[in-house]
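From first to last, the protein sequence lines stand for chains A and B. So the first sequence is residues 0 to 392, counted in numbering that gives the first Met the number 0. So the second sequence is residues 0 to 304, counted in numbering that gives the first Met the number 0.
Simulated from the structure, these hints should not be mistaken for lab results. Note that CB positions come from ideal geometry on N, CA and C, so glycine has one too. Among the hints, a few may not be true.
[Stated by the list, open to error] Estimated spans, in silico, between C-beta atoms of each pair:
| # | chain 1 | residue 1 | chain 2 | residue 2 | range |
| --- | --- | --- | --- | --- | --- |
| 1 | B | Thr29 | A | Ser152 | 54 to 60 Å |
| 2 | A | Ser31 | B | Glu197 | 36 to 42 Å |
| 3 | B | Thr134 | A | Gln73 | 57 to 63 Å |
| 4 | A | Gly153 | B | Tyr31 | 35 to 41 Å |
| 5 | B | Pro214 | A | Glu237 | 41 to 47 Å |
| 6 | B | Glu155 | A | Ser31 | 47 to 53 Å |
| 7 | B | Arg26 | A | Gly341 | 19 to 25 Å |
| 8 | B | Leu89 | A | Arg90 | 43 to 49 Å |
| 9 | B | Ser51 | A | Gly153 | 40 to 46 Å |
| 10 | A | Gly141 | B | Leu89 | 35 to 41 Å |
| 11 | B | Glu197 | A | Arg195 | 38 to 44 Å |
| 12 | A | Asp83 | B | Ala219 | 30 to 36 Å |
Chain residues, written in single-letter form:
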Amino acid sequence: MTTADAAAPAPESSTAAPETTRDLRLESLTKSFGTFVAVRDLDLTVPRGSFFALLGPSGCGKTTTLRMVAGLEQPTQGQIYLGDDEVTDLRPYKRPVNTVFQNYALFPHLTIFDNIAFGLRRRGRKDVDSAVNEMIELVELGSQAHKKPAQLSGGQQQRVALARALINEPEVLLLDEPLGALDLKLRRQMQIELKRIQIEVEETFVHVTHDQEEAMTMADTIAVMNGGVIEQMGPPSELYENPATTFVANFLGQSNLIRGELASGSDGELVVDIHGSKIGVSRERSRVQNGPVWVGVRPEKVYISATGEEESTDANTIVGGTITDTSFIGVSTQYLVRMPWGQELTVFEQNTGARKVFSPGTTVDLHWSRPHTFVLDAEQDATAGVETVDDTP
Amino acid sequence: MSALGQVASEIENEPEPAEVDEPKGGRRYTGYVLIIPGILWLGLFFLIPFYSLVATSLYDPAGTVFSGYEVTWEWSNYTTAITENWQPLLRSFWFGGLATLFCLLLGYPLAYAIAFKAGRWKNLMLVLVIAPFFTSFLIRTISWQLILADNGFVVETLQWLHILGQDGRLLNTPIAVVTGLTYNFLPFMVLPLYASLERIDPRLIEAASDLYASPIRGFAKVTLPLSMPGVVAGTLLTFIPAAGDFINAELLGRPSDSMIGNVIQGYFGGGNNYPDAAALSLVLMALILVMVIFYVRRAGTEDLV
Numbered sequence: 000m001t002t003a004d005a006a007a008p009a010p011e012s013s014t015a016a017p018e019t020t021r022d023l024r025l026e027s028l029t030k031s032f033g034t035f036v037a038v039r040d041l042d043l044t045v046p047r048g049s050f051f052a053l054l055g056p057s058g059c060g061k062t063t064t065l066r067m068v069a070g071l072e073q074p075t076q077g078q079i080y081l082g083d084d085e086v087t088d089l090r091p092y093k094r095p096v097n098t099v100f101q102n103y104a105l106f107p108h109l110t111i112f113d114n115i116a117f118g119l120r121r122r123g124r125k126d127v128d129s130a131v132n133e134m135i136e137l138v139e140l141g142s143q144a145h146k147k148p149a150q151l152s153g154g155q156q157q158r159v160a161l162a163r164a165l166i167n168e169p170e171v172l173l174l175d176e177p178l179g180a181l182d183l184k185l186r187r188q189m190q191i192e193l194k195r196i197q198i199e200v201e202e203t204f205v206h207v208t209h210d211q212e213e214a215m216t217m218a219d220t221i222a223v224m225n226g227g228v229i230e231q232m233g234p235p236s237e238l239y240e241n242p243a244t245t246f247v248a249n250f251l252g253q254s255n256l257i258r259g260e261l262a263s264g265s266d267g268e269l270v271v272d273i274h275g276s277k278i279g280v281s282r283e284r285s286r287v288q289n290g291p292v293w294v295g296v297r298p299e300k301v302y303i304s305a306t307g308e309e310e311s312t313d314a315n316t317i318v319g320g321t322i323t324d325t326s327f328i329g330v331s332t333q334y335l336v337r338m339p340w341g342q343e344l345t346v347f348e349q350n351t352g353a354r355k356v357f358s359p360g361t362t363v364d365l366h367w368s369r370p371h372t373f374v375l376d377a378e379q380d381a382t383a384g385v386e387t388v389d390d391t392p
Numbered sequence: 000m001s002a003l004g005q006v007a008s009e010i011e012n013e014p015e016p017a018e019v020d021e022p023k024g025g026r027r028y029t030g031y032v033l034i035i036p037g038i039l040w041l042g043l044f045f046l047i048p049f050y051s052l053v054a055t056s057l058y059d060p061a062g063t064v065f066s067g068y069e070v071t072w073e074w075s076n077y078t079t080a081i082t083e084n085w086q087p088l089l090r091s092f093w094f095g096g097l098a099t100l101f102c103l104l105l106g107y108p109l110a111y112a113i114a115f116k117a118g119r120w121k122n123l124m125l126v127l128v129i130a131p132f133f134t135s136f137l138i139r140t141i142s143w144q145l146i147l148a149d150n151g152f153v154v155e156t157l158q159w160l161h162i163l164g165q166d167g168r169l170l171n172t173p174i175a176v177v178t179g180l181t182y183n184f185l186p187f188m189v190l191p192l193y194a195s196l197e198r199i200d201p202r203l204i205e206a207a208s209d210l211y212a213s214p215i216r217g218f219a220k221v222t223l224p225l226s227m228p229g230v231v232a233g234t235l236l237t238f239i240p241a242a243g244d245f246i247n248a249e250l251l252g253r254p255s256d257s258m259i260g261n262v263i264q265g266y267f268g269g270g271n272n273y274p275d276a277a278a279l280s281l282v283l284m285a286l287i288l289v290m291v292i293f294y295v296r297r298a299g300t301e302d303l304v
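Here chain A stands alone, though its shape is the one from the complex:
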């Protein structure tokens, strides 16, 4: 197959789509704007049919990567492949790739019907009307077909943007912050909707977002990007439970990172000394094998007991904390616990009623199960990715 074949993506029937879908592969992809390197030497394979999320703060290079896949940006270096065909230099209108743009970019002078029909008409397809009507039904916009985009609500416009891209049966559908302009409730609905549609059409979706919850809800695989490189890639649960860097630990959810020193190690287990307490961690959950480290644990994995009240040999325990703040959040109670070395740790406890609520001033011990510990390189900035968690639209 040559690149020219990739230029003619139109499958003859809609059922042909999955067979013609191929893996998307990026090889040492680099994009610089002047002296600023937006994407640095990126290698990435997106398996066909997967829902893939590029997650990162603004300016991390995720949108630039997406635009290079769409052909809207020319890479400075590196190659883009669909299956075995290189598409790096293929013009955007010749790529079997479609985009749902941020803020949708619907054509304001065309009706909803004509917007959705745009791609099919440009490729000279014959059965345009029936295909468009079918798609309009799929996204439940039947009564809006002859309106202009400006007459629709944000959620409806979003569905038009999706329909306009999906109707072309692209091998890869690119979604650039597709839900960013919607309010929270609508966003939740659309997340589930998008996931359902992706499973239905069996196409590769590449989704760019800065919203970690959105990425985790929808994607099979998440690549966390920061500063133009991928920090870590994997299924949401793996990224969350076993982050590889402080950035991932902080950007994806919240983490307590405590300074420690790797003290000794047996075969499968390492012991870390944190301010006098001995903490056990399995070797595969430690990213370094000696020297100073960050010991990490997620706030919801920690449970609190009054000093000396509970002792267990299985769990990791640190002692001598003082509750400085107790906030009731409904599903959970959030504690801030000041440790003897001055650091404040965060603890979330589910309001199951089984555990006692501690008021500020109480001295407490903290416990967590050993497999929930992760150990990161102390060279990394413990606050990386922290401030970006709170997304302001």
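Following the hints, position chain B against chain A.
For chain B alone, kept in the frame of chain A given last:
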């Protein structure tokens, strides 16, 4: 509904912020106060002269500056004006139309380049577009006499290329008149085109490209339709003054290339034929008005957002 009507109704539908201030009183009249100077100006310098022009067009043609004029409802002034001058009248629309077409062909790419490709040179290029206005219209037109002169470099180059015969010339030809009109009215085309092109979200063009439209098709299906308000405004702003212009025909053409503006100027100036001049002015005005209404209806800007 026309584009303007749509805008007007949108404004009407806006909740009136003035209501909030209602108790303070007075503010609701601010709008009316603001339009008073404009109304006075229009009354003094448009309505009264317009009335006077209509009256003049109906004078007894036998009158002179010395014997005085009298409104005798001479409708024949109109028929005389038209029958004697239908050629310059047609020529005016022909030259004006050609100049508008050339302005569009030259101005669209220029406005497009300024809007999408100029980057940091955008402001400089816009200044350059309006820079000719710093010199008088007359001076600029006279300098075209030098450019197009028989021994000027343009004619010599064209002769050398055998595009123009050895005794061929440009000055005092219809070509010179249309060239002058095109040059003089180009900024009136470029600025509205730029304004409407600049408003187009570049992502729409990217979206067209993403949806399998080649650059040419993307232009035809997205950029051009979205810039239609600019095309309509630009062609009107160019055609109306160009069709009524007399300077370019006077300075760059022969008497046989005269446009309707020259005839009217001749009647008012040397000829002292005020009634025919007034009648002809009104005919020109009416014809342009009809053409504009027809054009705007056809161009159908109401479909645009």
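So, against the hints stated earlier in the document, which numbers end up violated here?
Hints 1, 2, 3, 7, 9 and 10 are the ones this structure does not satisfy, whereas the remaining hints hold.
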